[in-house]
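Protein chains in written order, with this note's numbering: chain S, 120 to 695; chain W, 120 to 695.
Hints were generated in silico from the structure; no laboratory data involved. This structure is a prediction, so every number in the text was calculated from the model and none was measured. Hints are supplied without guarantee of correctness; some may be wrong.
[As the list claims (entries may be wrong)] Keeping only pairs whose Cα atoms sit at most 16 Å apart, straight-line, the calculated EDC-like set for lysine to aspartate or glutamate is:
{"id": "1", "chain 1": "S", "residue 1": "Lys412", "chain 2": "W", "residue 2": "Asp657"}
{"id": "2", "chain 1": "S", "residue 1": "Lys600", "chain 2": "W", "residue 2": "Asp419"}
{"id": "3", "chain 1": "S", "residue 1": "Lys412", "chain 2": "W", "residue 2": "Glu662"}
{"id": "4", "chain 1": "S", "residue 1": "Lys412", "chain 2": "W", "residue 2": "Asp419"}
{"id": "5", "chain 1": "S", "residue 1": "Lys411", "chain 2": "W", "residue 2": "Glu641"}
{"id": "6", "chain 1": "W", "residue 1": "Lys652", "chain 2": "S", "residue 2": "Asp586"}
{"id": "7", "chain 1": "W", "residue 1": "Lys412", "chain 2": "S", "residue 2": "Asp608"}
{"id": "8", "chain 1": "S", "residue 1": "Lys652", "chain 2": "W", "residue 2": "Glu637"}
{"id": "9", "chain 1": "W", "residue 1": "Lys411", "chain 2": "S", "residue 2": "Glu641"}
{"id": "10", "chain 1": "W", "residue 1": "Lys412", "chain 2": "S", "residue 2": "Glu641"}
{"id": "11", "chain 1": "W", "residue 1": "Lys411", "chain 2": "S", "residue 2": "Asp417"}
{"id": "12", "chain 1": "W", "residue 1": "Lys412", "chain 2": "S", "residue 2": "Asp417"}
{"id": "13", "chain 1": "S", "residue 1": "Lys411", "chain 2": "W", "residue 2": "Asp608"}
{"id": "14", "chain 1": "S", "residue 1": "Lys600", "chain 2": "W", "residue 2": "Asp417"}
{"id": "15", "chain 1": "S", "residue 1": "Lys411", "chain 2": "W", "residue 2": "Glu637"}
{"id": "16", "chain 1": "W", "residue 1": "Lys600", "chain 2": "S", "residue 2": "Asp608"}
{"id": "17", "chain 1": "W", "residue 1": "Lys411", "chain 2": "S", "residue 2": "Glu637"}
{"id": "18", "chain 1": "W", "residue 1": "Lys411", "chain 2": "S", "residue 2": "Asp586"}
{"id": "19", "chain 1": "S", "residue 1": "Lys411", "chain 2": "W", "residue 2": "Asp599"}
{"id": "20", "chain 1": "W", "residue 1": "Lys412", "chain 2": "S", "residue 2": "Asp643"}
{"id": "21", "chain 1": "S", "residue 1": "Lys411", "chain 2": "W", "residue 2": "Asp417"}
{"id": "22", "chain 1": "S", "residue 1": "Lys412", "chain 2": "W", "residue 2": "Glu637"}
{"id": "23", "chain 1": "W", "residue 1": "Lys411", "chain 2": "S", "residue 2": "Glu633"}
{"id": "24", "chain 1": "S", "residue 1": "Lys411", "chain 2": "W", "residue 2": "Asp643"}
{"id": "25", "chain 1": "S", "residue 1": "Lys512", "chain 2": "W", "residue 2": "Asp643"}
{"id": "26", "chain 1": "W", "residue 1": "Lys411", "chain 2": "S", "residue 2": "Asp599"}
Below, each chain spelled out in residue letters.
Protein chains: 2
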Amino acid sequence: MKRFLPILTWGRAYNRAALSNDLMAALIVTIMLIPQSLAYALLAGLPAEAGLYASIVPILLYTVFGTSRVLAVGPVAVVSLMTAAALSNIVEQGTMGYGVAALSLAGLSGVMLLAMGLFRLGFVANFLSHPVIAGFITASGIIIAASQLKHILGISAEGHNLLDLVYSLVAHLNEVNWITLVIGVLATGFLFYVRKGLKPTVTRLGVNAGLAGVLVKAGPVFVVVATTLAVWLFGLADQGVKIVGEVPQSLPPFTLPSFSPALLGQLLLPAFLISIIGFVESISVAQTLAAKKRQRIDPDQELIGLGAANIGAAFTGGFPVTGGFSRSVVNFDAGAETPAAGAFTAIGLAIAALALTPLIYFLPKATLAATIIVAVLSLVDFSILRRSWAYSKADFAAVLATILVTLAMGVEAGVSAGVVLSILLHLYKSSRPHIAEVGQVPGTEHFRNILRHDVITDPHVVTLRVDESLYFANARYLEDKVQNRVAGDTAIRHVILQCSAINEIDLSALESLEAINERLREMDVKLHLSEVKGPVMDKLQAEHFLSDMTGQVFLSQYEAAQYAKADRREPADGAK
Amino acid sequence: MKRFLPILTWGRAYNRAALSNDLMAALIVTIMLIPQSLAYALLAGLPAEAGLYASIVPILLYTVFGTSRVLAVGPVAVVSLMTAAALSNIVEQGTMGYGVAALSLAGLSGVMLLAMGLFRLGFVANFLSHPVIAGFITASGIIIAASQLKHILGISAEGHNLLDLVYSLVAHLNEVNWITLVIGVLATGFLFYVRKGLKPTVTRLGVNAGLAGVLVKAGPVFVVVATTLAVWLFGLADQGVKIVGEVPQSLPPFTLPSFSPALLGQLLLPAFLISIIGFVESISVAQTLAAKKRQRIDPDQELIGLGAANIGAAFTGGFPVTGGFSRSVVNFDAGAETPAAGAFTAIGLAIAALALTPLIYFLPKATLAATIIVAVLSLVDFSILRRSWAYSKADFAAVLATILVTLAMGVEAGVSAGVVLSILLHLYKSSRPHIAEVGQVPGTEHFRNILRHDVITDPHVVTLRVDESLYFANARYLEDKVQNRVAGDTAIRHVILQCSAINEIDLSALESLEAINERLREMDVKLHLSEVKGPVMDKLQAEHFLSDMTGQVFLSQYEAAQYAKADRREPADGAK
Numbered sequence: 120m121k122r123f124l125p126i127l128t129w130g131r132a133y134n135r136a137a138l139s140n141d142l143m144a145a146l147i148v149t150i151m152l153i154p155q156s157l158a159y160a161l162l163a164g165l166p167a168e169a170g171l172y173a174s175i176v177p178i179l180l181y182t183v184f185g186t187s188r189v190l191a192v193g194p195v196a197v198v199s200l201m202t203a204a205a206l207s208n209i210v211e212q213g214t215m216g217y218g219v220a221a222l223s224l225a226g227l228s229g230v231m232l233l234a235m236g237l238f239r240l241g242f243v244a245n246f247l248s249h250p251v252i253a254g255f256i257t258a259s260g261i262i263i264a265a266s267q268l269k270h271i272l273g274i275s276a277e278g279h280n281l282l283d284l285v286y287s288l289v290a291h292l293n294e295v296n297w298i299t300l301v302i303g304v305l306a307t308g309f310l311f312y313v314r315k316g317l318k319p320t321v322t323r324l325g326v327n328a329g330l331a332g333v334l335v336k337a338g339p340v341f342v343v344v345a346t347t348l349a350v351w352l353f354g355l356a357d358q359g360v361k362i363v364g365e366v367p368q369s370l371p372p373f374t375l376p377s378f379s380p381a382l383l384g385q386l387l388l389p390a391f392l393i394s395i396i397g398f399v400e401s402i403s404v405a406q407t408l409a410a411k412k413r414q415r416i417d418p419d420q421e422l423i424g425l426g427a428a429n430i431g432a433a434f435t436g437g438f439p440v441t442g443g444f445s446r447s448v449v450n451f452d453a454g455a456e457t458p459a460a461g462a463f464t465a466i467g468l469a470i471a472a473l474a475l476t477p478l479i480y481f482l483p484k485a486t487l488a489a490t491i492i493v494a495v496l497s498l499v500d501f502s503i504l505r506r507s508w509a510y511s512k513a514d515f516a517a518v519l520a521t522i523l524v525t526l527a528m529g530v531e532a533g534v535s536a537g538v539v540l541s542i543l544l545h546l547y548k549s550s551r552p553h554i555a556e557v558g559q560v561p562g563t564e565h566f567r568n569i570l571r572h573d574v575i576t577d578p579h580v581v582t583l584r585v586d587e588s589l590y591f592a593n594a595r596y597l598e599d600k601v602q603n604r605v606a607g608d609t610a611i612r613h614v615i616l617q618c619s620a621i622n623e624i625d626l627s628a629l630e631s632l633e634a635i636n637e638r639l640r641e642m643d644v645k646l647h648l649s650e651v652k653g654p655v656m657d658k659l660q661a662e663h664f665l666s667d668m669t670g671q672v673f674l675s676q677y678e679a680a681q682y683a684k685a686d687r688r689e690p691a692d693g694a695k
Numbered sequence: 120m121k122r123f124l125p126i127l128t129w130g131r132a133y134n135r136a137a138l139s140n141d142l143m144a145a146l147i148v149t150i151m152l153i154p155q156s157l158a159y160a161l162l163a164g165l166p167a168e169a170g171l172y173a174s175i176v177p178i179l180l181y182t183v184f185g186t187s188r189v190l191a192v193g194p195v196a197v198v199s200l201m202t203a204a205a206l207s208n209i210v211e212q213g214t215m216g217y218g219v220a221a222l223s224l225a226g227l228s229g230v231m232l233l234a235m236g237l238f239r240l241g242f243v244a245n246f247l248s249h250p251v252i253a254g255f256i257t258a259s260g261i262i263i264a265a266s267q268l269k270h271i272l273g274i275s276a277e278g279h280n281l282l283d284l285v286y287s288l289v290a291h292l293n294e295v296n297w298i299t300l301v302i303g304v305l306a307t308g309f310l311f312y313v314r315k316g317l318k319p320t321v322t323r324l325g326v327n328a329g330l331a332g333v334l335v336k337a338g339p340v341f342v343v344v345a346t347t348l349a350v351w352l353f354g355l356a357d358q359g360v361k362i363v364g365e366v367p368q369s370l371p372p373f374t375l376p377s378f379s380p381a382l383l384g385q386l387l388l389p390a391f392l393i394s395i396i397g398f399v400e401s402i403s404v405a406q407t408l409a410a411k412k413r414q415r416i417d418p419d420q421e422l423i424g425l426g427a428a429n430i431g432a433a434f435t436g437g438f439p440v441t442g443g444f445s446r447s448v449v450n451f452d453a454g455a456e457t458p459a460a461g462a463f464t465a466i467g468l469a470i471a472a473l474a475l476t477p478l479i480y481f482l483p484k485a486t487l488a489a490t491i492i493v494a495v496l497s498l499v500d501f502s503i504l505r506r507s508w509a510y511s512k513a514d515f516a517a518v519l520a521t522i523l524v525t526l527a528m529g530v531e532a533g534v535s536a537g538v539v540l541s542i543l544l545h546l547y548k549s550s551r552p553h554i555a556e557v558g559q560v561p562g563t564e565h566f567r568n569i570l571r572h573d574v575i576t577d578p579h580v581v582t583l584r585v586d587e588s589l590y591f592a593n594a595r596y597l598e599d600k601v602q603n604r605v606a607g608d609t610a611i612r613h614v615i616l617q618c619s620a621i622n623e624i625d626l627s628a629l630e631s632l633e634a635i636n637e638r639l640r641e642m643d644v645k646l647h648l649s650e651v652k653g654p655v656m657d658k659l660q661a662e663h664f665l666s667d668m669t670g671q672v673f674l675s676q677y678e679a680a681q682y683a684k685a686d687r688r689e690p691a692d693g694a695k
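Kindly generate the complete structure, drawing on both the sequences and the hints.
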C-alpha cells in the first residue's frame, strides 16, 4: 500500500515547520508558474487557460502518487512543442477537435506511463542515450524559439521544424506589426537582462542576496504587468497588437478525451515519445534534487505518479505534463519540504484561474513569446557536439543525427532517429569486439597484447583474448578471426581463448564455439579456454560443449600456456 | 587484384590430377542438380527451365570471384520459397511480369551482396542469430513441404504461409487426382527409402560403400526416369496428371531485369532478406568445408562472389541463387579440388539444357514435388526449441517467435520478427546488468559476491562489481542501484565500483558516473574506482571526470578497500 501511495509515508510525519516552509515555496512557485503556464499553452497551440488547468489537478495527483518531494509537475517547453507537433498533423489548430485531441494525447500518455510503472517497464527510457537527449533538447529549444518569433513580429507563420518555420517567417515578413515588435523586443531584452545582469547590479546596490533572488524571479511577472498595462492604456490592441483576450473565470472544467480508435491510433507514437521524453526529463531532475537530501526516488513509482498526473490533465481541460526542471529547482531552493508544497501551488493556481484571468485580457502574446524564448534559449547547448566528438565518434554521430533530423524534420523524427542510430551503432561496435592476441610478459604470469608489449610467444600456440561478451552479433566475427589466424599458419597446434572479459555466452556464441572446435579439430589443432567466469562456466557445464572440446578449461591463462608448451606432438605439416 | 579475383591464385597451380578429380565431382553434382534445379524453379513459381539457367552462369561467375573451393551455387529451397513469397505479393504467377520480377529480384539481391562485399558490410548478417536461423529454416521447411502437397494431390492451392496453405488444400480436397496421388506417394516413399534404408541394405548385399553412395545419389534420377516413362507409356497426362511439358532447348537466354523504380522499391526488403539469408546459409557451408582442408574463406569476398552470381542470374533467365548445403557437400565428398569443378558442372547443365529437355516433357510435377519434400524435411528440426529452452529463455523466445510468425504470416515476417526480437532481448538483458555487492574473502586479497560467499564487509564501505560494459541502456540502471543502496544506509562513507568486467564506458555512462559522483558528494560519500582496464582508463583520462571525482582510482580492489578502511572520518548521521 505504501509502495503505491508515498503520501502515506510523508503525510504521517507532517508538522507545522514543514507547513510554513511548504507554504512559502508554493507562493514563489505560483507566481513563477502563472505566466509560464499561459505561455506553454500557447506553444502547444491551445488557449491560455489550458496552461493553468494543466497545472492544477496534475500537481495534486502527483502529490499523492509521486516519490519526489520537490518535483513540480505541469506543462514544460519540450513536451508542449511535441504536443503541438503531434496534434497539428491530425487536426487543425483552433478547432474544438484540437483541444479534445490534446486531452486524448494526455490521457493516452498517462495510461502508457501508468502501465510502464505497473509492469516495471521504465527501462525503455534507458534507450534514450544522454547525448541523444542533449542533442534533442538543444534542437527543440531552437525550434521553440523560432516558433515564437511570429508572436514577436506580429505575423502568422506555420511549421514544426526549423526549415518550415524559417520559410514561413520570411514569406510573411512584409506583414510585421511594428508596435508588437517593439513590445516583443523590449520584453525579451528585459528578461535577458533580469536573468543575466540584474542580480549583480542590485547586489552591488546593497540589496541582500535573498531579496535579489526574489526580484529576479519576479521579473517575468513585472513584464507581464507592464506590457498588459501599456496595451490597455494606449489601446494598442486596436493597432493590431495580438492579445490573450477573454479567458474564462473558472476552476478546471471536467472534460472528456476522445476514445475514437482512429484518433488514438494516430496519437500512439507521439504519446509514446512524449511519455518517454517527459519521464526522462522528470526523473533526472527528481534524482538530482533527491540526492541533495539523501532521499530515494523509485523510477517505477515515478511513472505511476506522472501517469496519474497526465490522466488528471486529460479529464480537467489540460494537455500533456511532466516534471519541469526550472520550477522544481525553484521549489527546492524556496525550501519546499514535502509534496504538500505542490498541493499549495495547485491551490494558488486555482485561485488565479478563478479570480485573476480578467486581468490578463490585454496581455500581449508577444510578452508570453518573450518569456518562452528566454526560457528555452538556456536549453540550447551545442557543447555536447564538441564533447562527444572528443570522447566517442559513435556518440557524436548519434547527437549530430538527432540535432539535424529534429531541425529539418521535427521532434518525432529527430528523437526516433537518435534512438535508432544509437542502438545501431552500439550493436555495430559490439559486433566487432576487440580481440587481442596475447603473449607472456617475461618473468611474470601475466599475458598482454603482442602488438603493444614485448612478450614471449610460442609458434605452436595462439592465445586470443576477447574483450566483450559473446553473443549472436559477434559470434561469427570470432569464427572468422580464429579460422583466418589458424588456416594460414600450419605450425599452430593449440588455440587458447582467454575468457576473462566474457560476461555472457549466448546460444549463438556457444554454437560458434562448437563450430570453431570442430574446424580446429579438422586442422588437428586443440581448443582450450582459460579464465572462464563462474556464471559462464555454469552455463557451459549444462551443455555438452565442454565434453566435446578437444582441449581443456584452465583456471589461469598461465596454466593453459604451460600445458600447451609441454605438449610434445609434432606440428602437422599442413594438412592437405 | 588477387583479393578480388581468387581464381588467379588457384588457377595458376591447376594440374592434371586436380582436373580429373574436378571432372568426376562435376559429373556427380550435375546428375544430382538436374532434377533439383527443375524442382526449385517450380517452387519459386517459375517455369522449370529457369532452374537450369539459374545454375549455369551463376556457377561460372562464382568460380571466378568466390573464395570457397567447393561451394556449389544455384537455386536452393529456402531462397526459392522466399522468392515465391516476395513475387506473389506483387505480380501474378504465370504472367510475363512474374519472370521479369524474378530477374529483378536476383539483380537487386546481387547488387546488395556486391555492395555489402565492397563496403565490408557483411557484419549485418551477424544479427541473424543461430537459433533464429534454425527456427526459420525449420518453419520454412514445413511451409515448403506443405506447398508441394498440392502437386502430390493433383489439386491447386495457394498461400505462402502454413495457415493459408492448409486452408486452401482442405478447400480443394474434393478435386484430388488419384493417379497423381499414387505417383506422388510412391515417389516420395521411394525417395525416403533411398535416403534412409537403401544404403544399409545394399551394403549388406555385399556392394561396396562407394558404389552404395552412388546408388543413393542416383535415386532421384531413377524416380524421374521411372515416373516419366510411366506417364508416357500409359498416357497418364490425359488422365489429368500434370506434367512439366515443353521446355525450350536452349542455352541460358540473355534477359533484362526491369529497372522500374516502383517494382524495385517493392522488392527492396525481400531482396535484402534473401541476400542475408542466402549469405548466411552459404558462408556457414563454405566455412565448414574449408576448415576440413585448412583453407581460408573471406566473408567480404564471398559477398562479392554471391553478388556476381545473382547479377549473372538476372541477365540469363534465372532467379535468386546462393551456395547450397547438400550439393556443396556432395561436391566436396566427390573429390572436387578447385572451383573448376563448378565450371564443369555448369557445362554439364548447359548440355542438359540444350539436349535433354525434350526427355522431361512427360515428367510429372508430382515427382518434382516429391524430391522437394524429401529434401526439405531434413531441414525440419525442432530440437532447437528444447536446446534453447535449456540454455537461455531469451534465445528460446526468439526461436519460438520466428517459427510461429513464419508459419502463420510467412517468411519475411518470420525472419524479421526473429531478428527484431533477438536484438530487443539482447538490449533488454544488457540494460539490466548483473551488479554484485562484493566483500573480501577472509585471509585473501580476493573479493566475491556477498550473497554467495562468506566474506568480510565494512559498514562504511559499499563495493559494487558491475558485470557488463557501461553504455546508455544500462547507465541509468547503475545510477538507480547506487542511489538506492546509499540513500537508505547513512553509515556509508565510501562507494567503490570494481570495474574489472567493464570493457567500455560510453558518453552516457560517463555522464551517469558524473551524476553518481555529484549525488554521492551531496551525501558526503566518496566514489572510488578499482581495477579499471587500460583502454577504459585511457578514455576516462581524456575527460575531466577523474579530476572531479571525490575519490581515487585504485589498481586493485584490495588497495581500494584498504584505503577506505583506513579513512577516519566520522560517519555522517544522515544529512537532512
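Which of the listed hints are not met by the structure?
Hint check: 1, 3, 4, 8, 11, 12, 16, 18, 21 and 25 fail, others pass.
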